[in-house]
Amino acid sequence: MNKYLSIDDVGMVFETKKGPFTALKDINLEIKEGEFVSLIGHSGCGKSTLLNLVTGLLKPTAGAMILAGREISGPGPDRGVVFQNHSLLPWLTCLENVYLAVERVFAAKESKADMKRRAEEALKLVHLEHALHKYPHEISGGMKQRVGIARALSMEPKVLLMDEPFGALDALTRAHLQDELTRIVAATDGGPGRTVIMVTHDVDEAVLLSDRVVMMTNGPAATIGEILHVDLPRPRDRLALAHHPRYMELRAAVLQFLYQKQMKVAA
Amino acid sequence: MNAVSLKPALDMHAEAGSENSAPKAGSASSAPEAATPVAANELLPEKPPLAPVMREPAAAEKPLYVRTPVPDWLIRAIAMALGLALFVAFWSILAKGGRLPTPLETWRSAVQVFGDPFYRKGPNDQGIGWNVLASLGRVGIGFGMAALIGIPLGFALGRFRFLSDMAAPVISLLRPVSPLAWLPIGLLVFKAANPAAIYVIFISSIWPMIINTAVGVRQIPQDYMNVAKVLKLSEWKVFSKILFPATLPYMMTGVRLSIGVAWLVIVAAEMLTGGVGIGFWVWDEWNNLNVPHIIIAIFTVGIVGLALEQLLILAARRFSYE
Chain A
1 MNKYLSIDDV GMVFETKKGP FTALKDINLE IKEGEFVSLI GHSGCGKSTL
51 LNLVTGLLKP TAGAMILAGR EISGPGPDRG VVFQNHSLLP WLTCLENVYL
101 AVERVFAAKE SKADMKRRAE EALKLVHLEH ALHKYPHEIS GGMKQRVGIA
151 RALSMEPKVL LMDEPFGALD ALTRAHLQDE LTRIVAATDG GPGRTVIMVT
201 HDVDEAVLLS DRVVMMTNGP AATIGEILHV DLPRPRDRLA LAHHPRYMEL
251 RAAVLQFLYQ KQMKVAA
Chain B
268 MNAVSLKPAL DMHAEAGSEN SAPKAGSASS APEAATPVAA NELLPEKPPL
318 APVMREPAAA EKPLYVRTPV PDWLIRAIAM ALGLALFVAF WSILAKGGRL
368 PTPLETWRSA VQVFGDPFYR KGPNDQGIGW NVLASLGRVG IGFGMAALIG
418 IPLGFALGRF RFLSDMAAPV ISLLRPVSPL AWLPIGLLVF KAANPAAIYV
468 IFISSIWPMI INTAVGVRQI PQDYMNVAKV LKLSEWKVFS KILFPATLPY
518 MMTGVRLSIG VAWLVIVAAE MLTGGVGIGF WVWDEWNNLN VPHIIIAIFT
568 VGIVGLALEQ LLILAARRFS YE
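Protein sequence lines, in the order shown, are assigned to chains A and B. Per the numbering used here, the very first residue in the first sequence carries number 1; after that it's consecutive. Per the numbering used here, the very first residue in the second sequence carries number 268; after that it's consecutive.
Be aware that a few hints might be false.
[To be verified] Each computed DSBU-like pair below joins lysine-lysine, with the alpha-carbon atoms no more than 30 angstroms apart: (1) A:K116 <-> B:K504; (2) A:K116 <-> B:K499; (3) A:K59 <-> B:K496; (4) B:K458 <-> A:K158; (5) B:K504 <-> A:K158; (6) A:K32 <-> A:K124; (7) A:K134 <-> B:K458; (8) A:K134 <-> B:K499; (9) B:K499 <-> A:K109; (10) A:K32 <-> A:K18; (11) A:K261 <-> A:K109; (12) A:K124 <-> B:K499; (13) A:K3 <-> A:K59; (14) A:K134 <-> A:K32; (15) A:K59 <-> B:K504; (16) B:K496 <-> A:K124; (17) A:K32 <-> B:K499.
Treat the hints as calculated values from the structure; they're not laboratory data.
All chains should be built: construct the whole structure from the sequences, respecting the hints.
Here it is, written out as structure tokens:
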């Protein structure tokens, strides 16, 4: 197995006023290059914490993570991050927001015109070529999230990390963006963004998009409960899959894990 | 229904007003009624689809139950005029006692004073224009220096916890000190009245800028700082692309408060230091027992302060990004 990102025995203990709190324990996960992996679990299970560890915003209190042969020791532009609440800078236009990321990575090698082209390309990829010079407050929530994706992809990251990227969107927009994401990931095959880790609490989203669904147990001391291989052929079509027996099985497996094995008592 | 029909009436009114000044062919064809200057209430009954109730023949003549929309600004203007009128009336009653000049006397005196604002008859007898300019100059220098030092200091305190903890006791101790308490120190250090006055302005107007800027930096949403961290931006990029724009609204509030304090303090400082300036002028006129001039000075100080404040509000609006 071609290990691209490996998470070895990672644990995370937060120091709180009430004493140490073990959020994550004994996390072992290996992700291949080009794989799309979802992290799913009940809220508070530490799936976002795990993503923040890979992002580098948090440092693990145990274990280590290695991305493409190098240990993760802090945040860096080799990992493209899409935040749940888009986190665009409101005083910059869409293009400027993306350009800020492009500039960070390519300023040493490329001219300003080239970098501007890169930023435009990234926004074109998410179908926002008409909103280059709009400010974030002038566009819809779905569009903002697309700018966030464009910003992350524009850096040509080794891995794309998404923290409930569509969680704040309405169901229709979410479905639309899921399809877009599938298309974008397919379009960049062999390029940036092919390896993806996505945190979600949406079962359909996880099954529809992922190669593997990593199901996490409830915290404290959450860990990986089960890993589900989604062997549905790509490209996947939302409507066709709705009645696909294998899709139903996979979906049922995730639901069973979440609502039987990891029943949340005080939800 | 009534409420629904009022809304288009207001819109029509606004549109009719703008069309009168600059009639355009395109918009006139889309809203032909709007192009002709008719009062909004006369116009309403002829707009059938908007208000079906008004199609009743009895109502078509004069729709009594439709309130004529009074524009918001008109109500505000009336309220302001009423407030000022009450103020002048109260003043007139007070002036009956004989000590205070009446509004009319003051007005006549003001016409005289402002008729020749820029005369010079020796160092202690100059027009009100010169006095105001001299005060503004001191405020400008003192406040400008305070901004130059206070704003960067605020950024540093907001960004680095340690610095902020270091500065906290000193700031909390010095901030509540009355501005004029600093004057003797200024006189001692500078051995001259003018720099001492400027220094008082500086020291009393620096605090709001330091504190508001620091608070602004600390209020920056963690999301933006996460972006900075994830992109691993350089400290300069973090400052120019995130810290500065995010803090700007807070900073502008600090600047506005500071200017207010500076203008407040200058009058008092000049009373003590003398020379040319609106504060000195007040004191000089008190010595001359020229009470109308004192009242004129009070109004002048108020109006200049108001103008400064409005100027900064305008500037702040330019800088807001939402």
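Against the structure, the hints:
1. Of the pairs offered as hints, the one joining A:K116 and B:K504 holds, with about 17 angstroms between alpha carbons and a cut-off of 30 angstroms not exceeded.
2. Distance check on the hinted pair: A:K116 and B:K499 sit about 20 angstroms apart at the alpha-carbon level, within 30 angstroms; holds.
3. This hinted pair checks out: A:K59 and B:K496 have alpha carbons roughly 13 angstroms apart, not beyond 30 angstroms.
4. A distance of roughly 67 angstroms separates the Cα atoms of B:K458 and A:K158; the hinted pair therefore is violated under the 30 angstroms criterion.
5. For the suggested pair B:K504 and A:K158, the alpha carbons sit about 23 angstroms apart, so the restraint of at most 30 angstroms is met.
6. A C-alpha spacing of about 28 angstroms is found between A:K32 and A:K124, which places the hinted pair at or below 30 angstroms, so the restraint holds.
7. Using a Cα cut-off of 30 angstroms, the hinted pair A:K134 and B:K458 is violated, with the two alpha carbons roughly 57 angstroms apart.
8. A C-alpha spacing of about 25 angstroms is found between A:K134 and B:K499, which places the hinted pair at or below 30 angstroms, so the restraint holds.
9. A threshold of 30 angstroms between alpha carbons decides the hint, and for B:K499 with A:K109 the separation of about 17 angstroms falls inside it, so the pair holds.
10. In summary, the hint linking A:K32 to A:K18 is not supported, as the alpha carbons are separated by about 39 angstroms, beyond the 30 angstroms threshold.
11. With a C-alpha separation of about 52 angstroms, the suggested pair A:K261 and A:K109 falls outside the 30 angstroms cut-off, and the hint is violated.
12. Between the alpha carbons of A:K124 and B:K499 the distance comes to roughly 25 angstroms, so the proposed pair stays at or under 30 angstroms and holds.
13. Among the hinted pairs, A:K3 with A:K59 is consistent with the structure: their alpha-carbon atoms are about 21 angstroms apart, no more than 30 angstroms.
14. A threshold of 30 angstroms between alpha carbons decides the hint, and for A:K134 with A:K32 the separation of about 37 angstroms lies outside it, so the pair is violated.
15. Between A:K59 and B:K504 the alpha-carbon distance is near 24 angstroms, which keeps this suggested pair within the 30 angstroms criterion.
16. Proposed proximity of B:K496 and A:K124 is supported: the alpha carbons are some 26 angstroms apart, at most 30 angstroms.
17. The straight-line distance between the Cα atoms of A:K32 and B:K499 is roughly 25 angstroms, inside the 30 angstroms bound, and the hint therefore holds.
In this structure, the earlier hints numbered 4, 7, 10, 11, 14 are contradicted, and the remaining ones agree with it.
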